[in-house]
Amino acid sequence: MDQYLLKLYVTGRTPRSQQAIDNLDALLKDGSHDHYRLEVIDVLEDPQRAEEHKVLATPTLIKELPPPVRRVIGDLSDRHQVLLGLDLESVPDSEGGDAND
Amino acid sequence: MTEGTGAAGVGKFATGIPGFEYISDGGLPAGRATLVAGSSGSGKSIFSAQFLVAGIQQAGDPGVFVTFEEPPAAIRDNFESLDWAIGEWEAQGLWAFVDLSPEEEQPEVAGDFDLGALLPRIEHAVNRVGARRLVIDSIGTLYSQFSDRHMVRRALGQLMAAVRRMGVTTLVTAERTEEYGAVARFEVEEFVADSVVLLRNILDGDKRRRTLEILKMRGTSHQKGEYPFSVSAEAEGVSIIPLSAIELNQPASTERASFGVPELDAMCAGGLLRRSVSLVAGPTGTGKSLLSSHFLTGAPDERALLIAFEEGSDQLRRNADGWGLPLRAMEERGSLRIESAYPETAALEDHLVRLKNVLDEFRPERVALDSLSALERIGSDRGFREFLIALVAHLRAQGITTLLTTNTSNLQGGGIASEAQVSSMTDTILLLRYAEQAAQVKRALVVLKMRGSDQDKAVREFTVSDRGIRVGEPLQGKGGTLLGFTGV
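Those protein sequence lines, which keep their order, are chains V and Z.
Quick note on the numbering used here: the first sequence kicks off at 1421 and runs consecutively.
Quick note on the numbering used here: the second sequence kicks off at 8 and runs consecutively.
In short, the hints are calculated from the structure, not lab data.
The reader is advised that the hints may include incorrect statements.
Here are the simulated distance ranges between beta carbons [what the hints assert, rightly or not]:
{"id": "1", "chain 1": "V", "residue 1": "Ser1497", "chain 2": "Z", "residue 2": "Glu112", "range": "14 to 24 Å"}
{"id": "2", "chain 1": "V", "residue 1": "Arg1499", "chain 2": "Z", "residue 2": "Asn85", "range": "56 to 66 Å"}
{"id": "3", "chain 1": "V", "residue 1": "Leu1425", "chain 2": "Z", "residue 2": "Lys214", "range": "15 to 25 Å"}
{"id": "4", "chain 1": "V", "residue 1": "His1455", "chain 2": "Z", "residue 2": "Ser151", "range": "37 to 47 Å"}
{"id": "5", "chain 1": "Z", "residue 1": "Arg161", "chain 2": "V", "residue 2": "Gln1438", "range": "13 to 23 Å"}
{"id": "6", "chain 1": "Z", "residue 1": "Gln152", "chain 2": "V", "residue 2": "Arg1499", "range": "18 to 28 Å"}
{"id": "7", "chain 1": "V", "residue 1": "Asp1466", "chain 2": "Z", "residue 2": "Gly341", "range": "58 to 68 Å"}
{"id": "8", "chain 1": "V", "residue 1": "Arg1499", "chain 2": "Z", "residue 2": "Leu222", "range": "25 to 35 Å"}
{"id": "9", "chain 1": "V", "residue 1": "Pro1486", "chain 2": "Z", "residue 2": "Lys214", "range": "54 to 64 Å"}
{"id": "10", "chain 1": "Z", "residue 1": "Gln152", "chain 2": "V", "residue 2": "Pro1487", "range": "57 to 67 Å"}
{"id": "11", "chain 1": "Z", "residue 1": "Ala200", "chain 2": "V", "residue 2": "Glu1459", "range": "40 to 50 Å"}
{"id": "12", "chain 1": "V", "residue 1": "Gln1438", "chain 2": "Z", "residue 2": "Ala200", "range": "32 to 42 Å"}
{"id": "13", "chain 1": "V", "residue 1": "Pro1486", "chain 2": "Z", "residue 2": "Glu87", "range": "35 to 45 Å"}
For each residue, glycine too, the CB sits at the ideal point set by N, CA and C.
If we strip away everything but chain V, and leave its shape as in the complex, we get (with noise of 0.2 Å):
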């Protein structure tokens, strides 16, 4: 049972990229958001789901579900503007599940 589904938008296997990656990472580990999927999508082996997305900054991370939408650009190190931008604060801490399961 998916709750939060994530997308990440991003160029090639750059350092940013890998940069907004572990930085996604860490943070729903940290937050123990622990029912997430996420998939890394790179615009330059799927453009087309990029135009459908009208992603254009790169990286982006969409949050599709729960709704409504929500979308952040950047690397994601402000934790902080993360959250905000994704509506994640609201969601109350576990006991520290790991996210990866």
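Using the hints, position chain Z against chain V.
Okay, now just chain Z, sitting in the frame of chain V:
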């Protein structure tokens, strides 16, 4: 297939936009980007969209439209009135949008980013449809969306480098704030400096005119100066009016187009010269419409077009009935057409485009336009002159025999409105006037000039009845009385 070689080894790419190939000496630099800069409302989007439309319609060239401003749905709707079936072309793989229009909600910024999806999306669209034409509308918009100017500059630089690499002939639009100031806002011309087209929407007197000027074109030749252009549904978009392309001195024929009235033909050495342009000038009520109607019905088997700016079609039909002229019968047979319009309903450029379309479609042999004076009042002097040059050139190029009418303000005739400019374009001038003789006011007709003919030089009286015009004897009397109207 649409490429040709211009000067300096740079190929030219024919756009298909009416008039553009002439002023650009063959089209846009092939495989390169050209900047189209203009103030808001100058027609940048429609001009660049038409570049794609012409490609699809005339050459089967697929195109990509990158929109930074309006979303694709709005663009499809906007251009529906021009009969541009963008949605269908998308379905056929001839048109693709790259939608970079701003989101309603600004995304939260959480760390460093760049515009990494810009190039992949554009390149993907170009490859997907096999685009030969690309439009980027408009390039400066990113500066107002993102505060990091360095990032935007870098992205735009990369974009223009990618356009060169792809070798797709491209129009890049940019906003200007002044009609005669810097080329564009945000210094975007640093990325596309080689070729620049300026569109203007300027106030000329109290009228607005649209013009197009090629500022430079990658070292290849092009025409200089501002050219009027029109945007209309009839022309399905933009038409540029290439004035200097116009050859005014094509030889007129020596054949004659009869008025169908022997005395009138006799005054003109047999009738009006075919393929020539004649002017009938005179004050109100002297019989300009009468002469036009005689001319159009002079040979019932020839196709005739009446362009009426003074009276409605019903009135014109009734007038002709009253003069016993078969205007109505010819119209019913389809050999005569009346195009009547209020001058004020459109700008001169739009009238011109409409008339050209009517001429191309109906293919008349004779045309009468009644009157130039009605059109003169809706434009500036310059706009009117340009209209007239372009119309006359089109009529001559089609081999049409033309009669134009104009009002003269004073009752004696003479003082032809816009005399110098109109008369230099016409081969024949017929002057109608009032004259006094033996204490009576009479109407008189004289052939003032007739290129290459030995015409009657007498001032003749004429009368009008239910059988049309009757030309009488030369008016007798002292010269002074003949040429003047001494009583008023």
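Verification of the hints:
1. V/Ser1497 / Z/Glu112: 14 to 24 Å: Check passed, 22 Å falls within 14 to 24 Å.
2. V/Arg1499 / Z/Asn85: 56 to 66 Å: The hint (56 to 66 Å, Cβ to Cβ) is violated, given that V/Arg1499 and Z/Asn85 are roughly 43 Å apart.
3. V/Leu1425 / Z/Lys214: 15 to 25 Å: Violated, at about 58 Å.
4. V/His1455 / Z/Ser151: 37 to 47 Å: holds (39 Å)
5. Z/Arg161 / V/Gln1438: 13 to 23 Å: holds (21 Å)
6. Z/Gln152 / V/Arg1499: 18 to 28 Å: Given about 25 Å between the Cβ atoms, the range holds.
7. V/Asp1466 / Z/Gly341: 58 to 68 Å: Taking Cβ atoms as reference, V/Asp1466 and Z/Gly341 lie about 60 Å apart, which means the hint holds.
8. V/Arg1499 / Z/Leu222: 25 to 35 Å: Roughly 50 Å apart at Cβ, these two residues miss the hinted range, so it is violated.
9. V/Pro1486 / Z/Lys214: 54 to 64 Å: holds (58 Å)
10. Z/Gln152 / V/Pro1487: 57 to 67 Å: This hint is violated: roughly 25 Å between Cβ atoms.
11. Z/Ala200 / V/Glu1459: 40 to 50 Å: Because 42 Å falls inside the window, the suggested range holds.
12. V/Gln1438 / Z/Ala200: 32 to 42 Å: Holds, since V/Gln1438 and Z/Ala200 (Cβ atoms, about 37 Å apart) stay within the stated range.
13. V/Pro1486 / Z/Glu87: 35 to 45 Å: Between V/Pro1486 and Z/Glu87, where Cβ atoms are some 38 Å apart, the hint holds.
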